[in-house]
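Novice: What follows is the residue order along each chain.
Number of protein chains: 4
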Amino acid sequence: MSVECDKNDHFHDECGVFGVFDHPEAANLTYLGLYSQQHRGQESAGMVCTDGHSFHTHRGMGLVADIFHKSEIKELKGRHGIGHVRYSTSGDSGLRNCQPFSYEYAHGGIAMCHNGNIVNAPDLRKELEKNGSIFQSTSDTEVLIHLVARSQAATMPERLIEAVRQLAGGFSLLVLVEKRLVGVRDRDGIRPLVLGKLDDSWVLASETCAFDLIGAKYVRDIEPGEMVVIEDTGLTSYRPFGPCKPHFCVFEYVYFARPDSTLEGINVYKARYKIGMELAKESPAEADIVVPVPDSGVPPAMGFAEASGIPFQMGLIRNHYVGRTFIEPKQSIRNFGVKLKLNPNRELIAGKRVVLVDDSIVRGTTSRKIVEMVRAAGAAEIHMRISSPPTKYSCFYGVDTPDADELMANKMDLEEMRKAIGADSLAFVSFEGMYNAVGKPREAHCDACFSGDYPVPIEGPRSPQLSLLKIHNKKQ
Amino acid sequence: MSVECDKNDHFHDECGVFGVFDHPEAANLTYLGLYSQQHRGQESAGMVCTDGHSFHTHRGMGLVADIFHKSEIKELKGRHGIGHVRYSTSGDSGLRNCQPFSYEYAHGGIAMCHNGNIVNAPDLRKELEKNGSIFQSTSDTEVLIHLVARSQAATMPERLIEAVRQLAGGFSLLVLVEKRLVGVRDRDGIRPLVLGKLDDSWVLASETCAFDLIGAKYVRDIEPGEMVVIEDTGLTSYRPFGPCKPHFCVFEYVYFARPDSTLEGINVYKARYKIGMELAKESPAEADIVVPVPDSGVPPAMGFAEASGIPFQMGLIRNHYVGRTFIEPKQSIRNFGVKLKLNPNRELIAGKRVVLVDDSIVRGTTSRKIVEMVRAAGAAEIHMRISSPPTKYSCFYGVDTPDADELMANKMDLEEMRKAIGADSLAFVSFEGMYNAVGKPREAHCDACFSGDYPVPIEGPRSPQLSLLKIHNKKQ
Amino acid sequence: MSVECDKNDHFHDECGVFGVFDHPEAANLTYLGLYSQQHRGQESAGMVCTDGHSFHTHRGMGLVADIFHKSEIKELKGRHGIGHVRYSTSGDSGLRNCQPFSYEYAHGGIAMCHNGNIVNAPDLRKELEKNGSIFQSTSDTEVLIHLVARSQAATMPERLIEAVRQLAGGFSLLVLVEKRLVGVRDRDGIRPLVLGKLDDSWVLASETCAFDLIGAKYVRDIEPGEMVVIEDTGLTSYRPFGPCKPHFCVFEYVYFARPDSTLEGINVYKARYKIGMELAKESPAEADIVVPVPDSGVPPAMGFAEASGIPFQMGLIRNHYVGRTFIEPKQSIRNFGVKLKLNPNRELIAGKRVVLVDDSIVRGTTSRKIVEMVRAAGAAEIHMRISSPPTKYSCFYGVDTPDADELMANKMDLEEMRKAIGADSLAFVSFEGMYNAVGKPREAHCDACFSGDYPVPIEGPRSPQLSLLKIHNKKQ
Amino acid sequence: MSVECDKNDHFHDECGVFGVFDHPEAANLTYLGLYSQQHRGQESAGMVCTDGHSFHTHRGMGLVADIFHKSEIKELKGRHGIGHVRYSTSGDSGLRNCQPFSYEYAHGGIAMCHNGNIVNAPDLRKELEKNGSIFQSTSDTEVLIHLVARSQAATMPERLIEAVRQLAGGFSLLVLVEKRLVGVRDRDGIRPLVLGKLDDSWVLASETCAFDLIGAKYVRDIEPGEMVVIEDTGLTSYRPFGPCKPHFCVFEYVYFARPDSTLEGINVYKARYKIGMELAKESPAEADIVVPVPDSGVPPAMGFAEASGIPFQMGLIRNHYVGRTFIEPKQSIRNFGVKLKLNPNRELIAGKRVVLVDDSIVRGTTSRKIVEMVRAAGAAEIHMRISSPPTKYSCFYGVDTPDADELMANKMDLEEMRKAIGADSLAFVSFEGMYNAVGKPREAHCDACFSGDYPVPIEGPRSPQLSLLKIHNKKQ
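Chains as they are written, first to last, in the UniProt record's numbering: chain A, 1 to 476; chain B, 1 to 476; chain C, 1 to 476; chain D, 1 to 476.
Calculated directly from the structure, the hints in this document are not laboratory data.
It cannot be assumed that every hint is accurate.
Which copy? The list can't say, so a pair holds if one copy fits it or any two copies do.
Below 27 Å or equal to it, Euclidean Cα-Cα: the simulated BS3-like pairs (lysine-lysine) are [said to hold, decoys possible]:
{"no.": "1", "residue 1": "K330", "residue 2": "K217"}
{"no.": "2", "residue 1": "K126", "residue 2": "K197"}
{"no.": "3", "residue 1": "K341", "residue 2": "K74"}
{"no.": "4", "residue 1": "K74", "residue 2": "K197"}
{"no.": "5", "residue 1": "K330", "residue 2": "K179"}
{"no.": "6", "residue 1": "K179", "residue 2": "K197"}
{"no.": "7", "residue 1": "K130", "residue 2": "K341"}
{"no.": "8", "residue 1": "K197", "residue 2": "K341"}
{"no.": "9", "residue 1": "K330", "residue 2": "K74"}
{"no.": "10", "residue 1": "K330", "residue 2": "K70"}
{"no.": "11", "residue 1": "K440", "residue 2": "K217"}
{"no.": "12", "residue 1": "K197", "residue 2": "K330"}
{"no.": "13", "residue 1": "K330", "residue 2": "K281"}
{"no.": "14", "residue 1": "K179", "residue 2": "K130"}
{"no.": "15", "residue 1": "K245", "residue 2": "K70"}
{"no.": "16", "residue 1": "K126", "residue 2": "K179"}
{"no.": "17", "residue 1": "K217", "residue 2": "K197"}
{"no.": "18", "residue 1": "K440", "residue 2": "K245"}
{"no.": "19", "residue 1": "K77", "residue 2": "K330"}
{"no.": "20", "residue 1": "K341", "residue 2": "K70"}
{"no.": "21", "residue 1": "K179", "residue 2": "K77"}
{"no.": "22", "residue 1": "K341", "residue 2": "K217"}
Note that this is a predicted model, so its numbers are computed, not measured.
My request is simple: use the sequences and hints to build the entire structure.
Specialist: What follows is the structure, encoded as structure tokens:
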């Protein structure tokens, strides 16, 4: 299902980051880097550019193309830049929490943004406040800037190392400071971060699709627990956390990442396609057509069709002009919210036994509506196939999932779920099937949302409960 | 290719209309009717609602969801409504030409909108001006309202008949007047117009997908040369032009209409799919994968894959967040405009012989860029297949095509075109193949853009040259 | 009192016009001409510029400085321009009725705007509709353009003469047509229209203050019933109505015009000042200070002070930042609406016997609030003096007055009014005093709002009742 | 002269503050408190409201009435509020520096705003950064919040006392913290701060005119060096700086404050009026009329007229609709910038010997333009009289003055100034005359801008040079 879908019934993508060092068009490139990663967050976006002295910031609520116009880009001067697209995870929403953050401290300007979640941020914040720190946001990023500013270490890399060592969680982090661009990946490598080169300039991004748009060459993934410092003299790699074992988020393959991205060496489209093939082997269905729930259901549906020999058809048409607001009629239109985005093509579906392929079931309400809508279009049978295991647990590393007790798979067994969504059959891909398709061992991944095996311990309540400050800013 | 693509290199969709009579939620339904037909025009939208006395109008530039909010909908009172989405064809752009138009005349209020082009509008206008008419827009619609107002016939249907009889061209037209909703289709039935029912209320739309969203039942297509007058006492059908022969626009099947719409009894998705199958038979290719140019290339590519046995793959990924404005870097990024919308998935394409399926070639510049981009992603061979015959002529019936001398197929033969776009082979579907796929005889269609056979004679220069008035309005 | 004051309790200024012929900076000058006449209408503004061929229009709701920016001015090309500021009188409000109107007709483009009211517009409109005319607005201007378009006369001046001869009412009218700028004043000369010259270019305006800002030289007032046609060959004066007797609106002196304007040879400030002197002679008061209700009360208060020898003091301070919207507290703040605009200076007022000078009393509610507020600031006595006779009748010639039965002076005698507003004494200037101060004979003026003597007959109901059409336009 | 005048040639007002404690309509009252003090700053405005727990903030660029609408006010929940209007003095402009600031620290939420300038803020900031503080703005306020947060004192009043004791400069400061509203005035009492009561709620404001609008009763001025802490148990007065001697800014009387305000027991209008009388005695002129430069020149001109017996006339008319942007014609209009705001009434001025009264001369360019414009209107002689001594020095306590070397009076003697502005005579009020008029001893005031006697020592360069951070925020 598309990320535009019903906010109450689906995962939300979290964040995307982009950075460039020493390029005459830093702001233009950062704009494009964010633009191509817009699927990772549509709530707000921001950019900081600098030549090492002045830091120029522009941030706003909404889509990249609506926030940045020529006039804003023109003001974002400097050869270095970092940018961020965001769907809020920790930190309440609003402009005050938009990243990147930029501050001044004893050694000059500093700007930061990150993708993910620092699970011990509330504790760190409490400690900092005790020592006199003040906070303007509820974002993890501000905590980290304080840690850097408080460090008494002699060099910038040491200060950063001292700071990031205190962090736990899943995060990929970009810092612009003292004529340096820094990229850090948490010790488990939960969130992605890739390194590329455009001409002679280093670039960093969450996904390789950002490199494709600007014509940069992919170099390698930043490693779990690695910190790269890029400066005029070149790139230096540090290991603040010592040796680390990877636990890459498997859900990036299943749902988050753009299908044309390649993460940890695995092409996302291909992984999804193969999951569909595994699913067909594990949970075949006697059916006439395989229909995806667009867009992330398309590759696994194609894989399912190939492996099963059942014809693939685009039986659900997506409306490409889904606006952010819409008018709802008072009289009930059944499944209205889903209908605004998807329309079944009755001529393809009527009388057919349909395999319906989607990427996940979260609360189950959207799935129920889609099944109902497809049945109303005349489907004889509906066999729902899901290209991930049942989602039973919340993510604490940067993916906005509901509390566990709102997850359908946490409360019901398979048969109960099938009944609830109204399908004739229901199956999820197995862990084995999924990792076969990905082509890498399970132990190198985080699949806590499916398994409950959290690689980073979570203590206490998840939410930082920092709701004191509410701010609205208006520029006229 | 998507309608969002390079405006200089593609057809533009023209207009979509929607009307509802006697429903308590007329404005809400018209909103949704336009929303689901947004693909037919993204430049402006408008709506008029009435209870028969006061006419309430709201029009704006941009997308339906950006123009109409709760406050505007609330003001659009009344049980009858008509609405319009528009990509300018005749009439310069701008708010002044936004439809529907509403006026007062001797018999009360009158509002109108249409999809298509009235080819003799300039002559009619000259005649009207000679008799003292004044014009505030350059739209054909205003000409028609004048004709109705000038008619001395006794009844409303007679006045309308007297007026529409004077019109030549391809148009589907909605009128709200004197507690009546009227729908008219030109004598050739070039542009679509369908009739439906929602509970007890009649609805009219350009495409059936509008009915799907609001839950209305499709009743029938309005016939070529038919005028239906809907009033409290029911629906009456008139034949202002006498007996007519249909010439439905075949390009609606190939490109314009939404794939989930059914027009003249033909499902658009199926027609496209079958065109792909015909194309595979007519112009096979030795290749490894079939890749569509999304989105309108998807069904014919699937059909091509089925008929040829070559695997179908989504080798070009579309960016769903294409904004209306973007920042272009000064340094050249090759094929930048196309890259913003499409990204080849190198992992699927590299080393492969690719059949690339698109719906049409207009100026050829976009096709050249796509071919170049796919080749840069490593394609070993590129076999371009087009799901329509070569576009050699301009449309004068409501489709915004370039002048004939800008059409690549008008200036080059097939081999020259192949070279110009850089493909290893190039083929278009034949007329026979296309009509086989559609499943209806060629003589019932207009294919003037491919054949030059214009069912309605065009005299003199095409453009009305009414460029005197330029207006900008601003509401604060 | 200021025009910004309580909309329910005061006259509203009507409209202002400006025109320039054959100047390289036509749009800039028209902008400034409107800017300096903003006091004549704050609801909407518009401008049309042309070089004789293309007509460029921009109109909007709000203030001139908010509607026109550099980008809009740049589009308003051409050496001729007309513009309009408006407070709605006839015609409902909204963008659809914003002037100037521009149309195309048989002889090319035509644009018009006017200040005032055409009292027989509803009848003319009915007749035009009978003959097939359609109307998009409820403005008198549109009626006039139809009349011009319908004229079969051979030359432009003849067409215009034929059209304006049919008009009755009080109006000053500007037309841009066929490389000509035309100015027309109704046969009674009720509304002002002045002619000036800037270098070699003719300019027309409602008030001379527009000439001061752009540095134009005042030449003369257009005469009652005069039509001037300005073209490349020079200015020609016509007399469409034959010989006419003037009836200039005396309220322009009392309230409407800017004090630095000179109309019909009379400086507005001086007229107001002398009215204050007459008032002091006619209705003296034993008092300690004379306090004006700013701003139009300032000159008569100064005149009153000079004639009476009582010191003049600015005892009411006006807030210069009165915004168009404000937040009202739920708890009652007495006289809140007036307090937002005016604050009494207690230190000047406490214990003093105060002569309070205002320009008029309409409904009486604002006067009551001001008296109450001044008394709360400690005034020992309040002697209200009004620099116009009692307002007993509505204006039908372009001034937005309430219906007669809402006018305090129409319902009460002097003593009742004094009690109602809570003053210790109340006096209005007499007709004699007022015309002495103005220095011209009463018979040359319209004072219908005070006397009920309407120079132009009014038949039937005043309001045109053309409320069918409601439109909202939105440019994005 | 009005604060709207030429930004390059005049003082700018600095800031205004307002606070209310324990009132059900805290946001509404703060809105009105800012609205009535808009003359103290038009660049930005902000408000923080709280019930002691959540802090709600809204800030924006522009005027109060444009920044706060019903929806924003509704979100500003709580019974306590502080607000700020600002014309930037220290700290570059932009939303990032808009006050009030709100933060969280170890003891909860804290919000602050101030009027004035903390002269040792750069030193304090450097020290704080050395100890790990980070800064998001260049505002003095942020420094102070850090000082409070870093204090290890046990109680809130002690923490605040510890923090404010470190501050030097001229400032009036409001703090919302831990269910308390705090008001602090610097030890010299340079900037004003008044205490009032509305029903049972305490209110604080820069000027008494804020109390007049909301109907609050003036209680007393906060004393120099006093800190009042208002909490549920009542108001407590502290003396953080020990005994202090007042040095109130005399320029508040001459120019800044609204004429209807009473500060330090002196009514501003009366002080200005009497300065005019003193000026007439000290520097009489043989003339026919006294004309003020509106608005702050009005009271001294009236005083001059009374003392001299020369008639007072409003010979310069102010345009009340001066917008923030305007179109400038390419062809030179002499004194265009001044003409947009002021127009001489030629009929009053022509042939007359004019005493022109203004409040001050800064760079001298506006004065020169006004003199030229009045002479062009026909004045026979122009005698310029200024209601303050020559402005020779910059202010470092919160008034935005140019550098000393840009001040006309710093570079020229009286005769040179007279020649430069083109007047026939020129005189400034003397120190004695000014203080006679004010009615209080000179030693109780700061007149550093006239005398160079700075009550608070200034070390090093004045500007904090904190230009690293530039931010633009956008809410959509």
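Novice: Since the copies are identical, ignore which copy is meant and state whether K126 and K179 lie within 27 Å (CA to CA) inside a copy, between copies, both or neither.
Specialist: This pair counts as between: shortest inter-copy Cα distance 21 Å, intra-copy 31 Å.
Novice: Treating 27 Å as the Cα threshold, decide for K330 and K70: within, between, both or neither.
Specialist: Intra 41 Å, inter 12 Å, cutoff 27 Å: inter-copy only.
Novice: Within a copy, between copies, both or neither: which one fits K74 and K197 at a CA-CA cutoff of 27 Å?
Specialist: within (24 Å within a copy, 44 Å between copies)
Novice: For the identical chains here, do K179 and K77 meet the 27 Å Cα criterion within one copy, between copies, both, or neither?
Specialist: So K179 and K77 pass the 27 Å test inside one copy only (14 Å; across, 43 Å).
Novice: When no copy is specified for K330 and K74, does a C-alpha distance of 27 Å or less occur within a copy, between copies, both, or neither?
Specialist: between (46 Å within a copy, 12 Å between copies)
Novice: Measure nothing new, just compare the shortest in-copy and cross-copy C-alpha distances for K217 and K197 to 27 Å and report within, between, both or neither.
Specialist: Within one copy, since 5 Å is at most 27 Å while 56 Å is not.
Novice: When no copy is specified for K440 and K245, does a C-alpha distance of 27 Å or less occur within a copy, between copies, both, or neither?
Specialist: within (14 Å within a copy, 64 Å between copies)
Novice: Can you give me the call for K330 and K179, within, between, both or neither, at a CA distance of at most 27 Å?
Specialist: between (57 Å within a copy, 24 Å between copies)
Novice: Quick one: K126 to K197, C-alpha cut-off 27 Å, is that within a copy, between copies, both, or neither?
Specialist: Result: close neither inside a copy nor across copies, 40 Å intra and 38 Å inter.
Novice: For K197 vs K330, is the C-alpha pair at or below 27 Å within one copy, between two copies, both, or neither?
Specialist: So K197 and K330 pass the 27 Å test across copies only (18 Å; inside, 54 Å).
Novice: Please sort K77 with K330 into within, between, both or neither, judging by C-alpha distance up to 27 Å.
Specialist: between (50 Å within a copy, 15 Å between copies)
Novice: At most 27 Å between alpha carbons: which applies to K245 and K70, within, between, both or neither?
Specialist: Answer is neither: 44 Å inside a copy and 53 Å across each miss the 27 Å cutoff.
Violated hints for the displayed structure, listed by number in ascending order: 2, 7, 13, 15.
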